[in-house]
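Participant: Here is what each chain is made of, one letter per residue.
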Amino acid sequence: MPKHKKKSTISQYALSGKRHVRNLLFDKKAVSVVVSTIVLTAGVLAMGIAILYWAYSWGNIANHTYSTAEENSAKAVQERLGFEYIDYSGNTLTVNIINWGTSNNVTIASVRIYNSAHQYLSNYTRPTLRNITTNAVIPFGLPMTGEGYFRITPAPALGSGLFYIQIVTDRGRTFDGSFATP
Amino acid sequence: MAHSPHHSRLMRDRRGYSALIATIIMVLVVMFLFYNIYLFKLNRDNDLQNAVSRSQQLDADRAAESLKIQSATKTGGSGFPIVVTCILKDDGSVPIQVVRLWLKDSTTSSITAVNASLLSQNVVLQPGASKIQTFTVTVPGALSSDSFTLTLVTSRGNSAVAFIY
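Order-wise, the sequence lines are chains A and B. For the first sequence, our numbering assigns the number 409 to the initial residue and increments by one for each residue that follows. For the second sequence, our numbering assigns the number 484 to the initial residue and increments by one for each residue that follows.
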């Protein structure tokens with residue numbers, strides 16, 4: 409191939425390439441499609457992330473609520489209180505109890521007293537639990553195998569006879585005992 | 484072998500594919516979510532069932548516990564500590580640990596009941612076993628002639644009562 413012929417072919421290619429690039433730069437056809445696709449994709453992605461985050465948050469809340477409810481139920485099921493010794497003197501009822509279950513921090517919501525015919529007499533809310541040995545206040549409920557006592561002053565005063573006592577814990581369990589007054 | 488025109492058109496026609504793929508993906512996602520939620524609930528229910536089983540076992544153990552106090556005698560009083568000696572017998576089918584003693588002066592009602600923790604003494608009885616046990620308790624104001632009510636509390640919340648004359 410002659411030298412001048414080869415030169416002209418190269419220049420033709422360069423010219424064509426330049427024209428092609430110029431066309432590509434100034435041709436606005438289909439740009440709107442690209443832009444709309446980008447905008448649509450960005451919108452869908454943003455919505456998707458937002459919905460994912462929203463669903464994740466709700467899932468987390470539901471998970472936490474369900475787990476807490478089930479854990480509380482399990483703890484309530486394993487709560488056990490035993491009556492060690494109940495003493496009534498000077499219109500003060502001293503109730504000594506032991507936590508023999510496998511739930512920690514058993515707290516007392518209320519105490520109810522019934523007469524021998526199981527008729528309701530009185531109700532006492534949140535009596536102060538104390539350690540049997542040290543008399544120190546037990547702030548967070550009875551631990552496992554823990555022993556404690558509380559005192560209430562029945563109003564009206566209890567007569568002589570048999571009485572029933574019912575302890576209601578904060579987790580909703582009830583424990584019944586009985587005692588006799590002189 | 485040449486295909487029929489209908490078959491060829493069916494093979495070439497891509498319309499409706501996206502709906503099909505989307506449906507398959509949606510079903511897979513729903514199944515994945517359902518499986519996870521089901522598994523989570525199953526685990527939680529298992530935990531609760533285990534807790535129920537444990538608590539039933541607690542009740543069964545407590546019901547099987549039987550502590551007997553035999554031949555309870557006392558010395559002391561009138562300024563001296565009361566020394567109670569008795570035979571403890573495990574009549575049940577589970578081991579027993581006695582955790583607390585309560586002693587009430589039955590003669591003088593004004594004397595309040597005293598208690599003592601027995602955790603340090605480690606009073607443990609195996610099923611069918613019996614042992615002689617001595618407890619020393621200070622009861623202020625009690626006379627040597629007074630009679631007492633002895634209550635022993637087990638770790639399962641059961642009580643055994645004996646009268647000492």
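Some hints here could point you the wrong way.
Straight-line alpha carbon distances no greater than 25 Å define the calculated DMTMM-like cross-link-like pairs of lysine to aspartate or glutamate that follow [to be verified]:
hint : chain 1 : residue 1 : chain 2 : residue 2
1    : B       : K587      : A       : D578
2    : B       : K587      : B       : D530
3    : B       : K587      : A       : D495
4    : B       : K551      : A       : D495
5    : A       : K483      : A       : D584
6    : B       : K551      : A       : E478
7    : A       : K483      : B       : D542
8    : A       : K483      : B       : D544
9    : B       : K572      : B       : D530
10   : B       : K551      : B       : D530
11   : B       : K551      : B       : D629
12   : A       : K426      : A       : D578
13   : A       : K483      : B       : D574
14   : B       : K551      : B       : D496
15   : B       : K572      : B       : D528
16   : B       : K614      : B       : D544
17   : B       : K524      : A       : D584
18   : B       : K524      : A       : D495
19   : A       : K483      : B       : D528
Just so you know, these hints were derived from the structure itself, not from any lab.
Participant: Assess, step by step, whether the Cα of A:K483 is no farther than 25 Å from the Cα of A:D584, and give holds or violated.
Facilitator: Holds: A:K483 and A:D584 sit about 19 Å apart, inside 25 Å.
Participant: When you check the alpha-carbon spacing of B:K572 and B:D530, does it fall within 25 Å?
Facilitator: Violated: B:K572 and B:D530 sit about 37 Å apart, past 25 Å.
Participant: Measure nothing beyond the straight line between the CA atoms of A:K483 and B:D542; if it is 25 Å or shorter, mark the hint as holding.
Facilitator: Answer holds: A:K483 to B:D542 is near 15 Å, not above 25 Å.
Participant: Between B:K524 and A:D584, is the straight-line Cα distance small enough, at 25 Å or below?
Facilitator: violated, 34 Å
Participant: Tell me if the straight-line CA distance from B:K551 to A:E478 falls inside 25 Å.
Facilitator: With Cα atoms ~39 Å apart, B:K551 and A:E478 exceed 25 Å; violated.
Participant: Within 25 Å, alpha carbon to alpha carbon, are B:K551 and B:D629?
Facilitator: Measuring from Cα to Cα gives roughly 23 Å; hence the hint holds.
Participant: Given the hint that A:K483 pairs with B:D528, test it: the Cα-Cα distance must not exceed 25 Å.
Facilitator: Roughly 14 Å between the alpha carbons, so the hint for A:K483 and B:D528 holds.
Participant: Are the Cα atoms of A:K483 and B:D574 separated by 25 Å or less?
Facilitator: violated, 31 Å
Participant: Measure nothing beyond the straight line between the CA atoms of B:K587 and B:D530; if it is 25 Å or shorter, mark the hint as holding.
Facilitator: Distance of about 44 Å is beyond 25 Å: violated.
Participant: If you draw a straight line from the CA of B:K551 to the CA of B:D496, is it 25 Å or shorter?
Facilitator: Between B:K551 and B:D496 the Cα gap is close to 90 Å, so the pair fails against 25 Å, i.e. violated.
Participant: Compare the distance between the alpha carbons of A:K426 and A:D578 with 25 Å, and conclude whether the hinted pair is satisfied.
Facilitator: At roughly 84 Å apart (the allowed maximum being 25 Å), A:D578 and A:K426 break the hint.
Participant: Quick one, are B:K524 and A:D495 close enough, alpha carbons at most 25 Å?
Facilitator: Since the Cα atoms of B:K524 and A:D495 sit roughly 46 Å apart, the hinted pair is violated (cutoff 25 Å).
Checked against the numbered hints given earlier, this structure breaks hints 1, 2, 6, 9, 10, 12, 13, 14, 15, 17, 18; the rest are met.
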